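Undergrad: Here the protein sequences come in this chain order: P and S.
Position 211 of the first sequence, counting from 1, maps to 215 under the numbering used here, and the rest follow consecutively.
Position 65 of the second sequence, counting from 1, maps to 896 under the numbering used here, and the rest follow consecutively.
Any given hint could turn out to be false.
Rough simulated footprint, nothing fancy, chain S against chain P, three-plus residues with beta-carbon under 8 Å [unchecked claim]:
no.: 1; region: 15-28
no.: 2; region: 68-82
no.: 3; region: 147-153
no.: 4; region: 169-178
no.: 5; region: 272-284
Simulated from the structure, these hints should not be mistaken for lab results.
Note that this is a predicted model, so its numbers are computed, not measured.
Positions of the beta carbon are idealized from the N, C-alpha and C atoms, including for glycine.
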Amino acid sequence: MKIGRFFRDIYRNKAMLLFVMPATIWFICFSYLPMAGVIIAFKQYRYHTDGFLASIIHSAWVGWDNFKFLFSTQDAYIITRNTVLYNAVFIILGLIMSVAMAIILSEIVNKRLAKFFQTGMFLPHFLSWVIVGYFVFSFLSYDKGVVNQFFGYMGWDLRQWYNDPTYWPLILVLVNVWKTVGYSSVVYLAAIMGIDKSLYEAAMIDGANKWQQIRRITIPMLVPLMTILTLLAIGKIFYADFGLFYQVPRDSGTLYSVTNVIDTYVYRGLKLTGEIGMSTAAGLYQSVVGFVLVITSNYVVRKFNKDNALF
Amino acid sequence: MAGLKRKSRNFSQLNPVANAGAVLAAGLFAFLCVFPFLFVVIISLTDEMTLSRNGYRIWPEQWSLEAYKYVFRSGDQLLQSYGVTILVTLIGTVLSLVLIALFSYAISRRSFKYRNFFAFFAFFTMLFNGGLVPTYIVVTQLLGLKDSIWALILPLTVNAFYIMIMRTFFSISVPESIIEAGKIDGASELGIFTRLVLPLSLPGLATIGLFSTLGYWNDWFNALLYIDSANLVPLQAMLMRIENSMQFILQNSNNPSVNVGLLSSLPQDTSRMAMVVLATGPIVLAYPFFQRYFVQGLTIGAVKE
Chain P
5 MKIGRFFRDI YRNKAMLLFV MPATIWFICF SYLPMAGVII AFKQYRYHTD GFLASIIHSA
65 WVGWDNFKFL FSTQDAYIIT RNTVLYNAVF IILGLIMSVA MAIILSEIVN KRLAKFFQTG
125 MFLPHFLSWV IVGYFVFSFL SYDKGVVNQF FGYMGWDLRQ WYNDPTYWPL ILVLVNVWKT
185 VGYSSVVYLA AIMGIDKSLY EAAMIDGANK WQQIRRITIP MLVPLMTILT LLAIGKIFYA
245 DFGLFYQVPR DSGTLYSVTN VIDTYVYRGL KLTGEIGMST AAGLYQSVVG FVLVITSNYV
305 VRKFNKDNAL F
Chain S
832 MAGLKRKSRN FSQLNPVANA GAVLAAGLFA FLCVFPFLFV VIISLTDEMT LSRNGYRIWP
892 EQWSLEAYKY VFRSGDQLLQ SYGVTILVTL IGTVLSLVLI ALFSYAISRR SFKYRNFFAF
952 FAFFTMLFNG GLVPTYIVVT QLLGLKDSIW ALILPLTVNA FYIMIMRTFF SISVPESIIE
1012 AGKIDGASEL GIFTRLVLPL SLPGLATIGL FSTLGYWNDW FNALLYIDSA NLVPLQAMLM
1072 RIENSMQFIL QNSNNPSVNV GLLSSLPQDT SRMAMVVLAT GPIVLAYPFF QRYFVQGLTI
1132 GAVKE
């Protein structure tokens, strides 16, 4: 009778089941099949003309060899370090900048002017990394760039920016802040708008000045949101923004020591060097650590505020 | 007048000096955000000769429209890429709206027995993924999408994050009583969805539609992975290719096998910047009008339900 009930349930929900079907097929093709495909990380992948399944079946099982090889090189350390450190800096600096910008925007007396500025800050979010790459090039080009023109004007030595790793950590951080702060300050601005105005009225009656109001009301009221967004960002600390690290340094080989992150490493392994197995291994390493981090950070978010947890 | 103003000055506002400071700080950052785009516009309007002599200048000695004339004269590739981008964006956005709306509506319905299963089915993809290489192999070998326009469309169609946002939209804006009323009137589920639910959820659909439009318009990654033939290259990827071939030639310029003719046949600095302007122009002009939908999506996404 259990089977009968099952079919009755299916029949009763048939409309909604049809509704979810197209996207479900999509998820199977573009998310779940690739998940099954991580088995390649344990194989020496050989392309087989009979297609996908044949390729996987006919590739030799090599166990953990791809991982051993990956972690025996310097690469694993460099890409992990770069990914995590850059993201850590982006999280901290992004948090400070976007909260500060949200508070500043909310305090500007002329609201239309504030809105106007906000629109301006929003622009970088709408541009692709390719375009941003061109922007950066107009500043850092050796013979035509603004920065070298200024250096020449000051009588300093011109620099080969795209061949000198020294300043790239700074450049990448600046570019990332430039692109993301306008957008992320929006969330905080919305939260500030939602703070109960009577808190400020009460504080003013007690003689608190604006600075004290910001420090004692606005910021404490933002702390829960700051905590949650930061924790969620930490959950994603193992994933780098491919465009930033690939387009902005123009894929320059001399800069790899400071621009190579897990995502660019996997891409190059796939498309340039053809190290399919090791590339998959690096990707799986990223996914697994990323998974653990998301689960952990979500667990911590739940401790703070159940409503804000992802699940 | 001044006295009156001072008397009525509200302590909830910044004093004039602090306000000027805030305006200055926000204004400066806003300017820095917009400046590179303006700069690229200026470069594209610079005379090529002046540019090769002086470099990129904020105020060129000699202005010129030549770059745009050149791009439009020899712009087959640009037009082709524009066509690809527009086609991909249109089909992709419609497709992704249909798939996402159907799925998230179903999982927002309390009467749907398997809603939790399918919600988790979508959500799990946010936590774990197979990574780039298996995805690439599935798309190229199993689905056979290599060098097909669908390789630019399908990988971006559905996104669990948009589904979560859209589900929130549905559960906020569509009361269960309306659906019940529709049922009593004898409407089918599809009829209820298209005639009752969708009109109520237009702001949500606009948000997801715009997210998706922006994603398609700005995508170059899928082209980088899957597209070889020149007539399928979208705008952003075309700009990337010009940059790369330029670099390749410059790096090999002492190599006698690379002829100089190739270099001069490539778009010059000003024309490349003109292409950048033409590729971003529609977005830069349009986004201020759609901004609020992005804000809405972002705040809903960040503070769910």
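Undergrad: Using a Cβ cutoff of 8 Å, are there at least 3 residues of the region 68-82 of chain P near chain S, or does the coverage claim fail?
TA: violated (count 0)
Undergrad: For the region 15-28 of chain P, do at least 3 residues have a Cβ located nearer than 8 Å to some Cβ of chain S?
TA: holds (count 10)
Undergrad: With a C-beta cutoff of 8 Å, work out whether three or more residues of the region 272-284 of chain P approach chain S closely enough for the coverage to hold.
TA: That given contact holds, which follows from 6 residues of the region 272-284 of chain P lying within Cβ reach (below 8 Å) of chain S.
Undergrad: Between the region 147-153 of chain P and chain S, see if three or more residues pass the 8 Å beta-carbon test, and mark the coverage as holds or violated.
TA: holds (count 6)
Undergrad: Under a C-beta cut-off of less than 8 Å, do 3 or more residues of the region 169-178 of chain P approach chain S closely enough to confirm the stated coverage?
TA: Coverage by chain S is violated for the region 169-178 of chain P (0 residues, Cβ < 8 Å).
Taken one by one, the earlier hints fail for this structure at numbers 2 and 4, listed in ascending order.
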